[in-house]
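Now for the letters of each chain:
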Amino acid sequence: MKCRCHRFLPLLLLAASCGGSAAPSAPIRDLRPTQIERGDKITVEAANSLFTVGAPTTIILNDIHTDGGSAVTIPGRAVGRTRVLFDADERLEKQIGVHLIDVPTTVTVEQEVQGQKLRYTSSPTDKFKLDLFPRSLRRMADRAASKVSGGTIWSWLGLTVEEMPGVGLRITDIVARIDKDDLFRAYETAPIDGRITAQEARIGQPGGMDAAEFARLDHNHNQVLEAADIEELPEEDGVAAQAGLRRGDVIVSAGGKPTQRTADFAAAWETDEPEVAVKAKRPAAGNAWTDVTVSLPRYGKPSGIPDWVIWALFMMLAAAIVALPVPVIGGLVVVWERKISAYMQSRIGPNRVGPAGWLQWLADGLKLLMKEDVIPTDADPILFRISPYLAFVGVFLVFMVLPFSGWLIVADLNIGLLFLLSVTSLVVVSIIMGGWSSNSKWSLLGGMRSAAQIISYELPASVALLSIATQTGSLSTVSIVRAQGGMPWDWYLFNSPFTFCAFFIYFISALAEGNRTPFDLPEAESELVAGYFTEYSGFRFSLFPLVEWVNVFVIGAVTSMLFLGGWNIPGVSAQQQDANGWLQAVGFGIFLVKIIALIFVIIWVRWTLPRFRVDQMMNLCWKYFIPISFACFLGTLMWAWLLPQAVQYGLRFAWFILLGLGPLVLFVKRVQYNRSRYRDLNLQQAQFS
Amino acid sequence: MSEMIFTYEQSGEEMTLNMGPQHPSTHGVIRFIIKTDGEIMHEAIPDVGYLHRSIEHIAEKCTYEGFMPYTDRVDYVCAMTANHTWAMAVEKLGDLKVPERGEYLRVISDELNRVSSHCIALGAMAMDIGATTPFMYILREREYINDLLEQLCGARLTYNYHRVGGVGWDMPSGWRDRCLKWIDHFEPIIDEYDRLIAQNELFIKRLANLAVITGEEAAGYGLVGPNLRASGVDFDVRRDVPYSVYPKLKFNVPIGKGLMGQVGDCWDRYYVRIEEWKESVKILRQALDQIQATEPDFWIRPKKLKPKGDAHARVEAARGDMLCYVAGDGGTNAYRARFRTGSFNAMKIIQVKSKGCMVADLVALIASLDIVAPEIDR
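The listed protein sequences derive, respectively, from chains U and Y. Going by our numbering, the first residue of the first sequence is number 1, and it counts up by one from there. Going by our numbering, the first residue of the second sequence is number 690, and it counts up by one from there.
Don't take every hint at face value.
[Claimed, not checked] Below, computed lysine to any residue pairings styled on SDA-like, alpha-carbon distance capped at 20 Å:
#1 Y:Lys894 with U:Asn619
#2 U:Lys441 with Y:Lys894
#3 U:Lys441 with Y:Ile722
#4 Y:Lys724 with U:Asn619
To be clear, the hints were calculated from the coordinates, so they are not data collected in a lab. Quick caveat, the model's predicted, so the values are computed rather than measured.
Let the sequences and hints guide you as you build the complete structure.
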């Protein structure tokens, strides 16, 4: 039973109101050695806010329990030829190429800070997450900033530091000297066990590694080679690294003055001396520190763009890469919806702008851009202006956690689903803001309706998501996709009758959250003119429909990610897919096809059904959806708890036949029947003139 | 004690909403002053008159025959019956005769126009409830009727087809067959619409038991036509105050049965119109059959039309009993003309029935009463 416990993690997390989750999943940087065994002690060189940085830290893997010999699920990106083995003989062996590793065991972290012993033990139901090579945007940005010549003192010296109050400045990253060719050569000739000798690394010789780098790499040169980080390592030498500073050192003084803050360190260069003496402490074995004194040159200190500017530019670029396709997606969904609705209503639809009218969204957007931005006289000018942006931000942020493929994800957050639910709630704030600030009663009614609607329907949607999260044991979107398979019976849709039910609960609730018919009450044009955005015009107006249609895409993406297997290719395991770029592309295509199919269903529903009334909409949610969603949740838990896994797996196929193929056959028959009726009506040839 | 109790209105919780005259679902230019508590309405006071064009006064300034095009504007959705009412009233006043073929053509054009008017009513109702697709489907059928009526009289909306003493033109050659072909096409489609809209669960939920108008209320507030029949009152001018050739035609008068809720709810008002489609189609078949046996004469044009006295005529229009009263003083113009229309009467009951409904229900109620703005104001 033990092994199944970790599936309840999200529930526990929620029960602890999300606060307790931070402790066990804290990322630990730069871990060595590579083989982790029961009782092993691992020295942590750097850590984040959970630990007191710089203090000697020990983490102990207490009791490695296996999950029936199956492979460890590794969220995040796997690179190159990496294999992750999870041995049945309770031995965790890794050739580490991934930077995030879930260690399914209790982990104890011990620290001694100012003579006081601190001890954290992770929950036994929790996966401890080791972040070995943080490939975060921040790190990449740091690298990019320090590569640019003409940066501030820090990038010139090749240093990244963090302030340690009361101690000094700890070097978190340092641009070092690495001869990549040599490393690769060494790798080719290295023995199978992956060890590299000092001779092979040619330490001290011209073109060879320096000893400090070798110390860092000695046990795991494979990981460095395969982590692809090496490609990103800067070519040039860092001034500080040449002088002998290392990562982990704590700079305590520069130019004779203590360096408590980064500004102190920079100020030390405002001198006429040719060199600046820098004193640092270096962690040694045990709790000891050794003193290091180096001299750094004063001349040649560049001045120019501060590296935070470069960092900000880098982040903006990253944001642009994520955000720019989103309006295009929204626009294409708009055109597609118009075309489908036209087809359904015996019309032609947009066919003028661009090939077959597919650029209509561009023309509409440009037109709206050129319109006057009217703000009603009595409107609240600030809230009225802010509101469209909030809606925009709420939906766009969801793209952060959408896994388009194993690699194509902006941030695989370990609270992915929570993030998704919370950022989508921003939209309701925007709608209320827009509705209220317009100072129009129709807008206000629309805003109020949507507040009631979206807040209500978030509950069944979240509980439906929760039943999926309990199956995976993770809130990370990548883990959820990875836990499913390519074949339909591997999808969570057919996991059990309860998840099948949860699918419909989630999908319908998502329609309600996205203000789509039959839940388009907030903008019911026959009742409220245009609802909350009645008073908007121009580009501000255009953001609301844009958000609505992007949301349609998001609904499709989230649903297919959670219930329909996401980017999994039938017959290919997630590990195989992780290792191959082409398979990644195929997976991306499969994910898109699933999304498009769901978007079609959403559009189809919209152009078929009438609208609910407010009280009916609320009844449906509170009287039916919420009880059913909780029943689904409990049912899913019971299912996972009571039935042996083998039975569950066998029954999946039965559900696929019973709940999937059965209704599908009935549906096809129905369509055939309708088509035959349609032929009898002979509508196409109807001519009476 | 009484000072301590302050009314709800005084508490400031009530909001006054102005719906219209420009509002997507007021079906033209109508204004409602709504008093609501959030979504629940306390009252919706109709404010009519935004489309008043002094039609009755114009009647006093034109010749009897010259007024015929203006009657199209009394109710532009179902212009034929307005034509018919005026023609009948003047014929009664002037004691004129209409050839049998003319009467049949009047009935055929009336019934075609009734079907197309109900098309608008039902489609607009579905659209007000939030379903846009049925509206497009139904309007496609209405286009076919417009094609047929265009071939008959050259106009698609304001027909000006009926004349004092007959109709303007005979059927063009082949028109009867095309009309029959259209009927063959339209009859099965009625069931399709039924499947698409009337039996839709959401649609029933929105309309059943909403704004129930009992038979007494309907009669008391002067509702006419389908609105009256939906409340279970079995009255149809075509059958009970027979005119034209209706006595020769067999048809049923559908009344509301409360199939999905109570008798006289919005769904009944919807469904009565669907059933009227079927009856109209029945009438059309018989009329198109019987017209073959008539003389070719379709219009006896009055040589001198200077009647004296007064007369009135009642016609079952799409929106119910349309009455036209006309008084002549021996001149070429009417001394006084008066139109009594169904929509105007239906407006009165909205104020009563909207109490306690939701804002969305008001839209459904207006749509179910099939109100056409020019018919209210004239």
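Hint check results:
no., hint, in the structure
1, Y:Lys894 with U:Asn619, "holds (12 Å)"
2, U:Lys441 with Y:Lys894, "violated (27 Å)"
3, U:Lys441 with Y:Ile722, "holds (13 Å)"
4, Y:Lys724 with U:Asn619, "violated (24 Å)"
The structure does not agree with the numbered hints 2 and 4 stated previously, though it agrees with the rest.
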